[in-house]
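These protein sequence lines are chains A and B, in that order. Counting in my numbering, the first sequence runs from 1 upward without gaps. Counting in my numbering, the second sequence runs from 1 upward without gaps.
Think of the hints as simulated: they come from the structure by calculation, not from any bench. Using N, Cα and C, we set each Cβ at its ideal position, and we do this for glycine too. Among the clues, some could well be false.
Unchecked claim - Taking lysine-lysine pairs in the DSBU-like style, the calculated list, with each CA pair at most 35 Å apart, reads: (1) B/K2 <-> A/K209; (2) B/K325 <-> B/K226; (3) B/K251 <-> B/K202; (4) B/K226 <-> A/K209; (5) B/K202 <-> B/K149; (6) B/K351 <-> B/K341; (7) B/K226 <-> B/K281; (8) A/K188 <-> B/K2; (9) B/K281 <-> B/K172; (10) B/K146 <-> A/K188; (11) A/K209 <-> A/K115; (12) B/K266 <-> B/K224.
Stated by the list, open to error - To be clear about the criterion: a stretch of chain A counts as covered by chain B if any three or more of its residues have a C-beta under 8 Å from a C-beta of chain B, and this derived list gives those stretches: (13) 293-305; (14) 404-414.
Stated by the list, open to error - One-sided and incomplete, this derived list gives chain B residues near chain A with beta-carbon spacing under 7 Å: (15) W23; (16) R25; (17) I28; (18) P57; (19) K58.
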Amino acid sequence: MVQQSIRLSNWADLEQFTEELKRTLGSMPDLVFRSVGASLIVYISGLADQQRIEREIVDPLSANQETGSLFIKTPSVQMTDNYQQTVQAILSGMAAVAICGKDQVILANVAASPKRGVSDPQIESSILGPQEAFLEDLDTNIAMIRRITKSEKFRMKVWHFGSVAHTEARLLYFDQVAPDELVAEISKRLDSVHLEDILGSNYIAETIKDRPLSWFPTVQKTERPDVVSNALMKGRVAVIVNNTPIVLLFPFTFWNAFETVEDIYLSYSSATFLRWIRAFFILSALLLPSLYVAITTFHNEMLPTNLLLSIAASREASPFPALVEALIMESIFEAIREAIVRMPRILVQAVSVVGALVIGQAIVQAGIVSIPMIIVVSITGIASLMIPHYETTFAIRILRIILLLMAGGLGFFGIALGLFFTQVYLTGLRSAGMPYLTPVAPFVWKSLKNLIIRQPFERS
Amino acid sequence: MKRKISLLVPVLLLTVWICTGCWDRKEIVDVAFVMITTLDEGQTPGFYRVHAHIAEPKRIGGPGQSSSGQKQKEPVTDLVTEARNVDEARSNMEQMLSRDIVSSHRRVFLIGEALARRGIKDLLDHISRSPMNRISTLLVVAENTKAEKLIDQQVPLENFGVELFRELSFRKTHLPTSLKDYFIASTTPGQQPITASFATTKENEIVLSGIAIFRDNRLVGFVKGKEAVVLTGILGGKTGGSITIHISQVKGDLSIRLDRLKVQRKVAISNGEPKFTFQVKAFGRILDNRTNLDLSNPEIIRKLNKAFADEMEGTFQSLFHRLQKDFRTDSYGLGAMIYKKYPGYWKRIEKDWPEMYPDQTLKWQVSAKITGVGSIGAPLFIPENEVKK
Numbered sequence: 001m002v003q004q005s006i007r008l009s010n011w012a013d014l015e016q017f018t019e020e021l022k023r024t025l026g027s028m029p030d031l032v033f034r035s036v037g038a039s040l041i042v043y044i045s046g047l048a049d050q051q052r053i054e055r056e057i058v059d060p061l062s063a064n065q066e067t068g069s070l071f072i073k074t075p076s077v078q079m080t081d082n083y084q085q086t087v088q089a090i091l092s093g094m095a096a097v098a099i100c101g102k103d104q105v106i107l108a109n110v111a112a113s114p115k116r117g118v119s120d121p122q123i124e125s126s127i128l129g130p131q132e133a134f135l136e137d138l139d140t141n142i143a144m145i146r147r148i149t150k151s152e153k154f155r156m157k158v159w160h161f162g163s164v165a166h167t168e169a170r171l172l173y174f175d176q177v178a179p180d181e182l183v184a185e186i187s188k189r190l191d192s193v194h195l196e197d198i199l200g201s202n203y204i205a206e207t208i209k210d211r212p213l214s215w216f217p218t219v220q221k222t223e224r225p226d227v228v229s230n231a232l233m234k235g236r237v238a239v240i241v242n243n244t245p246i247v248l249l250f251p252f253t254f255w256n257a258f259e260t261v262e263d264i265y266l267s268y269s270s271a272t273f274l275r276w277i278r279a280f281f282i283l284s285a286l287l288l289p290s291l292y293v294a295i296t297t298f299h300n301e302m303l304p305t306n307l308l309l310s311i312a313a314s315r316e317a318s319p320f321p322a323l324v325e326a327l328i329m330e331s332i333f334e335a336i337r338e339a340i341v342r343m344p345r346i347l348v349q350a351v352s353v354v355g356a357l358v359i360g361q362a363i364v365q366a367g368i369v370s371i372p373m374i375i376v377v378s379i380t381g382i383a384s385l386m387i388p389h390y391e392t393t394f395a396i397r398i399l400r401i402i403l404l405l406m407a408g409g410l411g412f413f414g415i416a417l418g419l420f421f422t423q424v425y426l427t428g429l430r431s432a433g434m435p436y437l438t439p440v441a442p443f444v445w446k447s448l449k450n451l452i453i454r455q456p457f458e459r460s
Numbered sequence: 001m002k003r004k005i006s007l008l009v010p011v012l013l014l015t016v017w018i019c020t021g022c023w024d025r026k027e028i029v030d031v032a033f034v035m036i037t038t039l040d041e042g043q044t045p046g047f048y049r050v051h052a053h054i055a056e057p058k059r060i061g062g063p064g065q066s067s068s069g070q071k072q073k074e075p076v077t078d079l080v081t082e083a084r085n086v087d088e089a090r091s092n093m094e095q096m097l098s099r100d101i102v103s104s105h106r107r108v109f110l111i112g113e114a115l116a117r118r119g120i121k122d123l124l125d126h127i128s129r130s131p132m133n134r135i136s137t138l139l140v141v142a143e144n145t146k147a148e149k150l151i152d153q154q155v156p157l158e159n160f161g162v163e164l165f166r167e168l169s170f171r172k173t174h175l176p177t178s179l180k181d182y183f184i185a186s187t188t189p190g191q192q193p194i195t196a197s198f199a200t201t202k203e204n205e206i207v208l209s210g211i212a213i214f215r216d217n218r219l220v221g222f223v224k225g226k227e228a229v230v231l232t233g234i235l236g237g238k239t240g241g242s243i244t245i246h247i248s249q250v251k252g253d254l255s256i257r258l259d260r261l262k263v264q265r266k267v268a269i270s271n272g273e274p275k276f277t278f279q280v281k282a283f284g285r286i287l288d289n290r291t292n293l294d295l296s297n298p299e300i301i302r303k304l305n306k307a308f309a310d311e312m313e314g315t316f317q318s319l320f321h322r323l324q325k326d327f328r329t330d331s332y333g334l335g336a337m338i339y340k341k342y343p344g345y346w347k348r349i350e351k352d353w354p355e356m357y358p359d360q361t362l363k364w365q366v367s368a369k370i371t372g373v374g375s376i377g378a379p380l381f382i383p384e385n386e387v388k389k
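Okay, chain B solo, but in the shape it has when bound (with noise of 0.2 Å):
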């Protein structure tokens, strides 16, 4: 019996190998992988443009075997398409390739301005639901051209383009907005979700110019500049903007690194109306100064302090009253924060709090602290007597 046993085990284990082993195996000669997709709004209306850039392993020439100094082209090729949806894009790509489409190390999604206006609804469904898919590619926009464009364009340093995208949303905004974000974000009353937005300059460079705002997965416009480096550093990411600040009766003014947001925020129901409190702690460093300050003295600084946090609070006013009033959505979550608060009472509000939304006011209590100053106090290259202290 113990012999039929010990027979019966390598039998089955042959079994299973012959009968039903090999049938995910895709070797890697044969497989085709998407760095990125980008989708715009097709010749055809009501068609999608859809281009994906395919790897090519064979230019890569694999270890070893560096560039030969003249700056090569993109080791990847390009497929467009054009189709009623994504499945039917995807189908029509994989009748021009050799090898089969592995989406699995596609990290980011491209969506065209255009058709981010029309509404991206139905594209969202096939990334999150294909098993070969990542729920944390991110998902960008392009700004005031189509995405084709964009991609099209020379990436400095990188081997390819998407680490352009990828990089700059992780290393300079730290709030990356991936697929996930992007769901999470929709599905929590009171938010509506946002991603990063690209442009390209006028030299013909990429730039990750801003925040594209969405509403109802539909996009509503974009918050750039400083209100962009607020916006991220009060949902949590980095910052790394640049502050100008100035003291009246100075001549000149100085530049304020900002390096973090620390954000208290309360909300409290008073006579059936919601009260929003901010705290806000701004930390910065002043890295440029354009004045005849000298920066090693308190007293200075703490007029600095002051400045700095009443140019917080300006750009906080003016973010908000963009978010308000201008688009009219509630990106930052105060709908959220009344929800995981006062649940009872979101119930009651919730159809309503869209027109609520944009007639909320907030209060703010800013303050700044400047942590450092860099190496020297006052400017090395003006003489003693002209130093103000």
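Next up, chain A with everything else stripped away, as it sits in the complex (with noise of 0.2 Å):
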């Protein structure tokens, strides 16, 4: 990149100075050059709030030209002779003010681009507690933080990744709250990022967290910034993306994926009611195929003889095997998952309808699977959606499946091995330097004590 000066001292240099910006940015119709007097005001229309450039530039330039003591009103300016600096302010937004005689640019800030307003989250929702979500603009976002969490303590650190896109990221942290070593982690990586084109915070997500490669999520996605902000006032980092209004949170471990925001808006009572709640149908969300196939095929004795009688005469009509007859219903029970995403929300209604009811139904009654597996496949996937945070329900899903192939093959003891070879890979698994399985894993109790039963708050 060439550093070029921009030299105004004459007109000759302004020409020149348009004819560089028209060709290094092309001569596009939204690249409006304006002049007033021996002032060029140039920006791009879409990007800059056009009512303020007439209103904080045109009219104090054009008012002044006779006095010769120019200024313009608007409140953050920044000034420069660099030339790609201001090939950046105005893809940014900014209002390049050029005026003959002057040795330096004046970017002034006036970028108003499109954005939505403040909506309700969509993925993470709560009952009791604020239904504020994250936008794509990096500066509201930061307002929003910096709103709840109005502390002294909050630091950012900023970095620019991406000569095509150009975009900014930031990392977000309490001082003397989030440990120096996590900080210092994190910066290490996020100046190792290489990246040209950042579209989301997951091209970030996946270069800096540890173990790309694991099914495992070992970073926190959030749109909500009150989880930010009660992450952060806990002694976590953030780090947030321009254009995504998805946050990273670090560190992350196993436990907080089912944890909901809600926990701390319930009283402990409810809190820990649900937090069992979602803990056994977790579990069951993983484990329930697989100990029907297992207990059905190998360990019948284990079941009362009446019950085992009605899965054996629900049997009968299948000609499939129990295992067949479970990934069937599972692959159909997820494309119905992923296609109901999927769709236009206005067919939502009638495509549920159309999958639960009658393909459920029509399956049992054509005999291709029987109905205590359709019972399995609903409870299973109704407990795989209780998972609160998005990306570790991909976890349990390829999981459950594997281990639905294993207690085909093997019964319990498949379900055992899988098990445990999951068990000793999560021992493994870190998340920013922090062991995946705490606090149970290095075992803290005053943490495991708040996992359990949702402390109540200290009264003072």
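Relying on the hints, combine the two individually framed chains into one complex.
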């Protein structure tokens, strides 16, 4: 990149400046050149607020052409003589004011790009908590966080990535609350990011998280400012990227995936109750199909005789072994689940009726799959929808299929083997240096207490 | 190196799964569940006649399909074979079925009286040895009939006949005589096993008729009626029997429902002879008053307690008379009492115990308590002046 300096000493220089810009950016219809007397204002019409330009820049300039003391009213300005910086500024929505005779260009921040208003969270909803979610605009997001955590300890470190998209990323933490090693570690990782095109925070997440190939998420993604504030106050760090409403939180343990933000907005008994139900159902989301297949094919002594004969009666009609039935129903359920996410909102009602009732009912009546299998898969499906953290659901779903295969081949022993390997794997996984199964694996009783029962808040 | 290990793990798992997996896999639809097995003497001498009831899931029809109002036949198939021993019988049956026999859900083993009198020693090992069998299977005896006749009957209220045997043993006596109990009793020195016994009434209904007494793995007789109730009670089981008592100079009698027997038993050796003392406290409720006594009067209750205790003592005496003199079998476990308290002494008399046992005298100290008389004192239909207070 050529570090060009801008010279504006006379009219010819101004012309040259204009030509340079047109050559660099192309003669685009939204690249506006506005002359006011001996001054030139350059901006991109979609990104800069034209009314503000009129009010804050053009009016003062044109009013004071005669007097010679030229000024503009824009509160946030930068001065530069660097060509690249000027081009970047124009592309970011600033207006470049080149005044003939001055040796520096004024970059006035009048950016007002189109953006959405603050809306409800899409993925992480809560009943009793705030209903705000992040936007795509970095400054607005930071403002939202600042508004909640009005702390003087709030710190930010800035990175810019990519020569094409020029995405800004910031590392947020509370000074002296977040461990220094954590901040240093994440900073080091962000320093080593060399991606050219950052289209979302996930690019950065994949690059800086531990074990990017792991199925289990090692970084938390959230769209809620209260979650981020809560995390920051607890000593975690956040990475926020421009143009993405998803903020990354480090470190992330396995148990964070099963906490919802609702836990702190409910009383301790309700929150604890929900935690236990969630834990039980998540376990069944992982194990229920495998247990059913294992028990009915390998260990049918475990069932009470009446239940067993009921199941046997339902299974008489179906030609497939239990494992195959399970795999068929699991794939159908996953297909329905993904389809409902992707389809246009209007069709959701109709298709879910088709999916759930018709397919489920018809399959049973055709005698392809037995009724107990449908029950098992439905409960499993609902249980897997209970997982609050979206990325963990994928790990659980993949593991479930693998455990299903192990159960179909080796019964309880297969499930035990699968769980054992998973356990070993999870214990060795780390997230930003913290072991994944803290506080269970390195046993920290204080945090574990809070995990089992959400402790009542201290009263002074 | 790490990459090699991380590739090795899934490959090993896959190998384990493909080469060795599935050997135990039995689909439910390829399996036949035996519900109950009955054993009788065979037509050929020296042979057993074995029946097995195999459950038919198709006829159960699965959940949600109720019967059409009429009493349906039990959804089982009856297989019968004659063989020299139980394992041969099993093998014969395997060759009659399209599915593999699974006996892990068989919960009752029914033995006919004739066979039981001959001796059941040869039947017992098979049941406990095969890992598929449960040691909690109930062992019951069919009294006065061949076992196969007993299971032919239609059973009220339950889907399967085997439920009747099980529920009767569990709910009514709380002394389910499973194989485990049988084995414990037969290996405890100084005790002989017992089982429940079932019979058919004249109207062809199955009834829990009493307790079968075994000695040396041979059936020697049955204890029935009140004595069976009392034996169950002192062995720690549930009683529900009806005891009839009456007081002298009062017309009519009362029925007491026996709730519980609290037994404290003591054994002492004096002059080289064992002395047994039983302190029994009987609890019961009066639920049928056929006299005109006013039961809310504590004096009357006191008299009734005494009559109750006397009646109980009489029953105990007659029970042990039967056990000692008629059957000469130590079913309660008097020998076991000696063994547990005086092992040295027991070692000396062990061989002679079967002869000593019938001559033992037991001291009974029976007290009784009537814990309730229902909701009313005197019968409601008797006019006030005739009630005996």
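*Hints the structure fails to honour*: 4, 10, 15
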